[in-house]
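2 protein chains.
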Amino acid sequence: MDKKNKDKEFVKEITPRAQDYSQWYVDVILKAELMDYAPIKGCMVIRPYGYAIWENVQRLLDKRIKETGHENAYFPLFIPQGLLQKEAEHVEGFAPEVALVTRGGDEELAEPLAVRPTSESIICSMYSRWIQSWRDLPVLINQWANVVRWEKSTRPFLRTSEFIWQEGHTCHSTEEEAEQETLKMLEVYREFMETEMAIPVIAGQKTEKEKFAGALRTYTIEALMSDGKALQSGTSHNLGQHFARVFDITFLDQDDELKYVWQTSWGVSTRVIGALIMVHGDDRGLVLPPAVAPTQVVMVPIITKKQREEVLEKINDIAGLLPHDIRLKVDDRLEYTAGWKFNQWEMKGVPLRLELGPRDMENNRLVAVRRDTGDKEEIPMEEVTKRVPALLKEIQQDMLERALKFREEHTAEMEDYNEFCGYMLESKGFVQGYWCGSGNCEEKIKDDTKATIRCIINSHNGEVGHNCLACGEKAPYCVYFARAY
Amino acid sequence: MDKKNKDKEFVKEITPRAQDYSQWYVDVILKAELMDYAPIKGCMVIRPYGYAIWENVQRLLDKRIKETGHENAYFPLFIPQGLLQKEAEHVEGFAPEVALVTRGGDEELAEPLAVRPTSESIICSMYSRWIQSWRDLPVLINQWANVVRWEKSTRPFLRTSEFIWQEGHTCHSTEEEAEQETLKMLEVYREFMETEMAIPVIAGQKTEKEKFAGALRTYTIEALMSDGKALQSGTSHNLGQHFARVFDITFLDQDDELKYVWQTSWGVSTRVIGALIMVHGDDRGLVLPPAVAPTQVVMVPIITKKQREEVLEKINDIAGLLPHDIRLKVDDRLEYTAGWKFNQWEMKGVPLRLELGPRDMENNRLVAVRRDTGDKEEIPMEEVTKRVPALLKEIQQDMLERALKFREEHTAEMEDYNEFCGYMLESKGFVQGYWCGSGNCEEKIKDDTKATIRCIINSHNGEVGHNCLACGEKAPYCVYFARAY
Chain R
0 MDKKNKDKEF VKEITPRAQD YSQWYVDVIL KAELMDYAPI KGCMVIRPYG YAIWENVQRL
60 LDKRIKETGH ENAYFPLFIP QGLLQKEAEH VEGFAPEVAL VTRGGDEELA EPLAVRPTSE
120 SIICSMYSRW IQSWRDLPVL INQWANVVRW EKSTRPFLRT SEFIWQEGHT CHSTEEEAEQ
180 ETLKMLEVYR EFMETEMAIP VIAGQKTEKE KFAGALRTYT IEALMSDGKA LQSGTSHNLG
240 QHFARVFDIT FLDQDDELKY VWQTSWGVST RVIGALIMVH GDDRGLVLPP AVAPTQVVMV
300 PIITKKQREE VLEKINDIAG LLPHDIRLKV DDRLEYTAGW KFNQWEMKGV PLRLELGPRD
360 MENNRLVAVR RDTGDKEEIP MEEVTKRVPA LLKEIQQDML ERALKFREEH TAEMEDYNEF
420 CGYMLESKGF VQGYWCGSGN CEEKIKDDTK ATIRCIINSH NGEVGHNCLA CGEKAPYCVY
480 FARAY
Chain P
0 MDKKNKDKEF VKEITPRAQD YSQWYVDVIL KAELMDYAPI KGCMVIRPYG YAIWENVQRL
60 LDKRIKETGH ENAYFPLFIP QGLLQKEAEH VEGFAPEVAL VTRGGDEELA EPLAVRPTSE
120 SIICSMYSRW IQSWRDLPVL INQWANVVRW EKSTRPFLRT SEFIWQEGHT CHSTEEEAEQ
180 ETLKMLEVYR EFMETEMAIP VIAGQKTEKE KFAGALRTYT IEALMSDGKA LQSGTSHNLG
240 QHFARVFDIT FLDQDDELKY VWQTSWGVST RVIGALIMVH GDDRGLVLPP AVAPTQVVMV
300 PIITKKQREE VLEKINDIAG LLPHDIRLKV DDRLEYTAGW KFNQWEMKGV PLRLELGPRD
360 MENNRLVAVR RDTGDKEEIP MEEVTKRVPA LLKEIQQDML ERALKFREEH TAEMEDYNEF
420 CGYMLESKGF VQGYWCGSGN CEEKIKDDTK ATIRCIINSH NGEVGHNCLA CGEKAPYCVY
480 FARAY
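Those protein sequences? They're chains R and P, same order as listed.
For what it's worth, numbering that gives the first Met the number 0 labels the leading residue of the first sequence as 0, then goes sequentially.
For what it's worth, numbering that gives the first Met the number 0 labels the leading residue of the second sequence as 0, then goes sequentially.
Hints in this document: simulated from the structure, not taken from any laboratory.
Hints may contain errors.
No copy labels: a pair is met if it fits in one copy or bridges any two.
In silico lysine-lysine, DSSO-like type, Cα no more than 27 Å apart, as pairs [said to hold, decoys possible]:
(1) K328 to K62
(2) K305 to K340
(3) K30 to K65
(4) K404 to K258
So here's chain R without its partners, still in its complex pose:
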């Protein structure tokens, strides 16, 4: 079976979401060639099409990270086991998933090296050397890197033994400034997800049980997938002075006192590609928002034997006239039919398709087809250079609005526990409800429904009139519940 026939079958072989959502997800990923399984437990190969999405994510997020005053750096992949074990909660959280290097160049290592699961400990050990005075603060450093967490069960992009991410690590002279930074980066993530990924998110605080191992407080952005499950899409941690005390990161303040710094860390990973697939994808495959699509516009000539040269020439002329910042592909392959190309580019989620055939040439127009809605539109030739960028903008905007509408339709306010359980067992979406603050209730809800508290959106202690969904007691916390990936 040669490549051509194989690809044809790929398009057909996407399992409908209603039939088997997990299989649909894997089908889309494999058939759009975003990823492939590697011959190493839980590791993935990010193929060029998937990596091109990540490059766009990286470029657009890196820009925001730099605009908020951060610089990139690079810290070692390996962390001596002793260093990783210094912060008690941190080691408890990460020890079960650490990969250990025990041999280097045919020698047994005296101390095993952990492959970084996250870099707080190695970075803090450097910060304690670099920071002496209040003049050295704030330290605002970010790192783009691969990290490894030895996962028992994995799922492409969402949970893999190795993944790529950015991790910001900052030091501040006051508690207030650290909290401001934590919330600032949460807001950067929220704005990035909505503007570029067209994914609306709920931003809030994690519960004690769900917070980062070693943090004082963890904030999160939570997105809703089209199967009603939530996906944690980025986190921002106020680390307080936990790590500063353990790693002895002190500074001489303006008042001549030696103080511990206040720290934050925050990260977004390749996981967001999973969100992109599950928020926007449909039964025909991927649907990509223009801002992160590797190809934003594909031009497909409708060729007849007689008019092949004219059509190809004309379509290339038009391509040359379009704004140069549009990521454009002219699919002039002769060995595939136009219909086959339509299917393939739809599966790959290209936001806009432009068709040009002999009849369109006669009528001096192009046909534009939107991937997100399927809407067709005839564009008079003289309007093409204006209309195409405008259409891309509309698609980006409409995709966010559609995702927002879906989320609103799949978010319920609820006070009755039985109703809540039924909703969650069917995984219908978010529930906004109240919680008393007890770990027992959190646990009970998870046991009964598999749902977790995704985040606390507002803590108005002492407010009356609301009751905990699980125990019925007075509940000061307004939270979002959902089943989650």
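Chain R is fixed; fit chain P onto it per the hints.
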């Protein structure tokens, strides 16, 4: 000792090159805050200033890699030991420097995982699944990644246990096409080094003894450092069908025959930052070519108490007028003197300094000082926006020419072995000479002088009239010798 005083001493504390070149190199790296030592054997932390250079290298090289038709992808960090051992020469070359993961999440692994020292084997195992037909070729994939080689003795940027690089891996249907690709990427590297890094290189072929473990032929670019030693700055390998046979990468060709693909791989690493330091640096610190300098222009106000506000306002006005693509910093810190700032930015190698004081304001001019030559120039205010970009261009050009002149002055043609030995024992630079092709002569030269054959620049088999430097026999190979890092 607070930060301010510490930094002051940093500037003074650079060891002169003539006194101790190795110490000078380390001083510059630490004091310009390019890098710091990590608490892991042979690993380094690339600090923000060093990483910003690398980001420029990466951006400028990535552009060229994409313009020549390659796409980026990402393959796993871990390679099962068995996979790495498949290609016999390859394993022999890399086994002694492999770091092994033997435990994951508290379980002993059935098969240890190598931390990639290079990715041929993992990538080839994927290519054998992806490639079926001639239509799938060529495969042109590049990866930006960290790799680990367990080195016995290390040196910042030049040889570290972990480093960052790009590695291209391509598959072709014919031997000719693979050889063309190998040479094309060598030329991309040469042009990149000269245009952006202002570093002239000698491009040629490695000897059998020095070629990549598993390659058919290895090509290299070799740069000359200011201490007379060579630095291999990039390599491009024609892998022939070595890996294709072992990993069974076959394709059905147009003639319906099943054939093995022809492959190449090529890489450039953070090592080139070492070249940048040693080619251009001087006793005052770094000297960076504008194309890769994190800050291209630093503006320093000369402030008197009376005229502080006016000068600061004026300098910010001018900064706003300069072309936006210039990477510019206005150093308006009040706690440091202008002289202190001059020293610091010189140490950091910023190509151009612009000074503005009350007297300059009166005379409606700026003073520009070049880092590479120390030349001062008064620029009339109305010419600033034109003259500054022009000066940056001149600096870039002049730096390449100066490096080229140095290399020419430190390259000798030689036929006499005693003279050659004297030259090499003093590490005076390159020798262009002739070689008979025997491994014994190569070995003898290394034993006698520590010099190696850096590359064969031309193989005119059968040409007479030249004799091997070591044995005096007929020598068909024109080669470059040098001591090397």
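Here is what the structure says about each hint:
Proximity of K328 and K62 under a CA criterion of 27 Å is satisfied in both settings, with 25 Å inside one chain copy and 18 Å between copies. Taking identical chains as interchangeable, the C-alpha atoms of K305 and K340 lie at most 27 Å apart only when both belong to the same chain, with a minimum of 20 Å there against 71 Å between chains. For the homomeric pair K30 and K65, the shortest alpha-carbon distance between copies (24 Å) is at most 27 Å, but the shortest distance inside one copy (35 Å) is not. For the identical chains of this complex, K404 and K258 are neighbours neither inside a copy (49 Å) nor across copies (53 Å), given an alpha-carbon limit of 27 Å.
Hint 4 from the list above is the single one not met by this structure.
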